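K.L.:
Given the coordinates of chain P, assemble chain W onto it according to the supplied hints.
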Amino acid sequence: KAGVTQTPRYLIKTRGQQVTLSCSPISGHRSVSWYQQTPGQGLQFLFEYFSETQRNKGNFPGRFSGRQFSNSRSEMNVSTLELGDSALYLCASSPDREGDTEAFFGQGTRLTVV
Amino acid sequence: AQKVTQAQTEISVVEKEDVTLDCVYETRDTTYYLFWYKQPPSGELVFLIRRNSFDEQNEISGRYSWNFQKSTSSFNFTITASQVVDSAVYFCALSEAFMEYGNKLVFGAGTILRVKS
Numbered sequence: 001k002a003g004v005t006q007t008p009r010y011l012i013k014t015r016g017q018q019v020t021l022s023c024s025p026i027s028g029h030r031s032v033s034w035y036q037q038t039p040g041q042g043l044q045f046l047f048e049y050f051s052e053t054q055r056n057k058g059n060f061p062g063r064f065s066g067r068q069f070s071n072s073r074s075e076m077n078v079s080t081l082e083l084g085d086s087a088l089y090l091c092a093s094s095p096d097r098e099g100d101t102e103a104f105f106g107q108g109t110r111l112t113v114v
Numbered sequence: 115a116q117k118v119t120q121a122q123t124e125i126s127v128v129e130k131e132d133v134t135l136d137c138v139y140e141t142r143d144t145t146y147y148l149f150w151y152k153q154p155p156s157g158e159l160v161f162l163i164r165r166n167s168f169d170e171q172n173e174i175s176g177r178y179s180w181n182f183q184k185s186t187s188s189f190n191f192t193i194t195a196s197q198v199v200d201s202a203v204y205f206c207a208l209s210e211a212f213m214e215y216g217n218k219l220v221f222g223a224g225t226i227l228r229v230k231s
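Residue numbers (the working numbering), protein chains in the order written: chain P, 1 to 114; chain W, 115 to 231.
Hints are computed from structural coordinates only; laboratory data are not their basis. Misleading hints may appear alongside valid ones.
Unchecked claim - Okay, derived cross-link-like pairs now, DSS-like style, lysine-lysine, Cα gap no bigger than 27 Å in a straight line:
1. P:K57 to P:K13
2. P:K57 to W:K152
3. W:K117 to P:K57
4. W:K152 to W:K130
5. W:K230 to W:K152
Unchecked claim - Beta-carbon label-pair distances, calculated as ranges:
6. P:R9 to W:T186: 36 to 42 Å
7. W:L162 to P:R30: 22 to 28 Å
8. W:I174 to P:L83: 42 to 48 Å
9. W:I174 to P:G58: 30 to 36 Å
10. P:R9 to W:D169: 34 to 40 Å
11. W:V160 to P:R30: 19 to 25 Å
12. P:T38 to W:R177: 29 to 35 Å
13. W:D132 to P:E102: 24 to 30 Å
14. P:E102 to W:T144: 19 to 25 Å
15. W:K130 to P:T80: 48 to 54 Å
16. P:K57 to W:N172: 33 to 39 Å
17. P:T14 to W:V127: 41 to 47 Å
18. P:R30 to W:D169: 23 to 29 Å
All values reported here derive from a predicted model rather than from experimental measurement. Positions of the beta carbon are idealized from the N, C-alpha and C atoms, including for glycine.
Bound-form chain P, shown alone:
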């Protein structure tokens, strides 16, 4: 079974630009979550999508948005990039069945904002 796939793996963007990251969950998983990892703030929850609907949201500004498609693939978008947005962005998929809540993570997209 293929794991969680995130593309691209690395990205360099300039301040003020926008960026879109992609996540393909494990086949059959309906829940996709996004996390930001930085040296200063650690791992922080961005949002979660389930059946194309945002089900949970962390404390991030509106510049951070996401969506999920009918095949469960998800994208997250960051507009008007700031230097502080430089981070490893991790996507996790979950079966989301009662009693089966493990989140499986992709290798992440490392975003550098210059």
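P.N.:
Same frame as chain P, now just chain W:
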């Protein structure tokens, strides 16, 4: 609010030593899940274990063991006879247990484990 504390920022051991990584959590929920993840240099978080708040039995998996104590809100992780390949960052995490609240993991700051040969 939920919170996970991993007080040990970095631990260095010599191969074959046993090492325990501490995790203390806070939650007002009576039902929740606790997790441990390993993050090798490649970046992905590798799932190690999930424990339901109602299941306080200790668990052993090969060289790994976990001690869950609800009375002290702790979920500690021990690696027996450590190996160089165990070198990584280890994260403890907490989540609510009900699907309707969605999947949201609250992570600790992580503990860097360095195993020297």
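K.L.:
Now tell me if each hint is right for this structure.
P.N.:
To see whether the hints hold, each was checked on the structure:
| no. | hint | in the structure |
| --- | --- | --- |
| 1 | P:K57 to P:K13 | holds, 25 Å |
| 2 | P:K57 to W:K152 | holds, 24 Å |
| 3 | W:K117 to P:K57 | holds, 17 Å |
| 4 | W:K152 to W:K130 | holds, 19 Å |
| 5 | W:K230 to W:K152 | holds, 18 Å |
| 6 | P:R9 to W:T186: 36 to 42 Å | holds, 40 Å |
| 7 | W:L162 to P:R30: 22 to 28 Å | holds, 23 Å |
| 8 | W:I174 to P:L83: 42 to 48 Å | holds, 45 Å |
| 9 | W:I174 to P:G58: 30 to 36 Å | holds, 34 Å |
| 10 | P:R9 to W:D169: 34 to 40 Å | holds, 37 Å |
| 11 | W:V160 to P:R30: 19 to 25 Å | holds, 22 Å |
| 12 | P:T38 to W:R177: 29 to 35 Å | holds, 31 Å |
| 13 | W:D132 to P:E102: 24 to 30 Å | holds, 26 Å |
| 14 | P:E102 to W:T144: 19 to 25 Å | holds, 21 Å |
| 15 | W:K130 to P:T80: 48 to 54 Å | holds, 51 Å |
| 16 | P:K57 to W:N172: 33 to 39 Å | holds, 35 Å |
| 17 | P:T14 to W:V127: 41 to 47 Å | holds, 43 Å |
| 18 | P:R30 to W:D169: 23 to 29 Å | holds, 25 Å |
Going down the numbered hints, you'll see the structure goes against none, and every one checks out.
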